[in-house]
Amino acid sequence: MRSTVAALLAKDLALELRTGESVPAMVLFSVTTYVVFHFGLDRDTVAGDLASGVLWVTVLFAAILGVNRLFVSEHEQGGFDGFLLAPVDRTALFVAKAIALFGFLCVVELVAVPAFALLLLGPPAGQALPELVLVLALANAGIAVTGTLVAALAIQTRARDLVVPLLVLPLLVPVVLAAARATTPLLAQGGAQPLAGDWLAVLGLYDLVFALIAYAVFDFLLED
Amino acid sequence: MPTTDHAVVLRGAGRRFGERAALRDVSLELEPGRTLVVFGPNGAGKTTLLRMLATLLRPHAGEVRVLGCALPDGGYAVRGRIGFLGHEALLYRELTGRENLRFHARLHGVARTRVEAVLDAVGMRARADDAVAQLSRGMVQRLAIARAVLHDPELLLLDEPLANLDPAAAAQVEPLIGRTSGRTRVLTSHDPAGGLAGADLALGLRGGRAALVGAAAQVRPEQIAELYA
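Those protein sequences? They're chains R and F, same order as listed.
The first sequence: position 102 = 102 (this note's numbering), numbered continuously.
The second sequence: position 205 = 205 (this note's numbering), numbered continuously.
I should point out that these hints are in silico values taken from the structure, not numbers from a laboratory.
Yeah, the Cβ is synthetic: ideal placement off N, Cα and C, and Gly gets one too.
Worth double-checking, as some hints may not be accurate.
Now the in silico label distances, taken between C-beta atoms and shown as ranges [as the list claims (entries may be wrong)]:
no. : chain 1 : residue 1 : chain 2 : residue 2 : range
1   : R       : Gly20     : F       : Asp120    : 32 to 38 Å
2   : R       : Ala10     : F       : Arg125    : 20 to 26 Å
3   : F       : Asp73     : R       : Gly40     : 56 to 62 Å
4   : F       : Gln218    : R       : Arg2      : 49 to 55 Å
5   : R       : Asp89     : F       : Glu19     : 31 to 37 Å
From the derived model, a few chain F residues whose C-beta atoms are all more than 10 Å from chain R [claimed, not checked]:
no. : residue
6   : Asp25
7   : Gly62
8   : Gly123
9   : Asp130
10  : Gly138
11  : Ala171
12  : Ala193
13  : Gly194
14  : Arg209
15  : Arg220
Make the full structure from the sequences, and use the hints.
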């Protein structure tokens, strides 16, 4: 399966580098949203739970753009059939797409998080950067797993743009909740506080449960 | 596991899309190395039949065996032994022909040297580094043929394989997908004389039903023409 996942990932990376259909749109959306928040909140800086909420809601909505486009090339250019005709484990497609979405989110956050710090964040976040990266990674994994599952389901429908947010937003509420709670002490007004370990555990548990669910049902989503 | 000597066996095979039966009660047997040509007007069920044999559609009725494996359960075992050429090229438009074929080669566990060999065989090596979106329909069809035979399949399922090809290109791909390839073939055609000439067995579909099944040598082009009347 490793070779199949690698082939699918290389193909997705090549397509994204050539078309720039997902990551640039996600980055632009994130930065623009932070600019809008900067003016909309009528304050120069935010901290604590407000900062955490703004950060994660923006990341979540940016992720939806990526989720929406995750299987478009497969659907529109016959990639599903090409894959299904090969004697390979179908779960490889799920794994490759989830890794691709995880990677896209990481690249987006490389731009979006500094933009957030520059445009909105009051307290310096540099001190808590390793902890923040850990929260981002766990939350990205949850978004990638659930997002891939929903994308595979939604691509079969005519109203993909509607189905994705309708399904993915409720399913990702636990991720946003846990990620925001875990991030709040890191962005506290008086400087970074210790990381909330229990919320990290919630994120980890969510990732594990949804990865198992996705593993169990993904094949059925590809069935005719 | 193989349980029959026939490459393709259909016994009362059927397939629905919702309430509509796209294929009903189709029965035939095709021996290895032989060619079955399928005729029928648009919507008769030709593409459905090919996609079912390719394991892309599950049969809803009857028995379907491909290369000795019963479908849909044996789909995984037989997939790597089937080459499928449908209406869509199954190629990514933004990738080059070579990148597309290398991608499919990795999925099928085929060496890169085979990619170069099939590019040569379809006469596309000179344009192999152009994005598929920049190629003519005939060139895309040649790449699609290269993709279909990349893993040297035993059974070829070809939906109007020579569409968009000029005579020279059609002659060039003959050793890959033609009668001389030695592979078992199931192909669709709208050309009674040409289709029958290159086939051993003929199937005429109308409204999803087998209106005509027989040895190609004994079927007259007029009988095929009646399917379209």
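Exercise for review: Output the numbers, in ascending order, of every earlier hint that fails for this structure.
Suggested key: As far as the earlier hints go, not one is violated by this structure.
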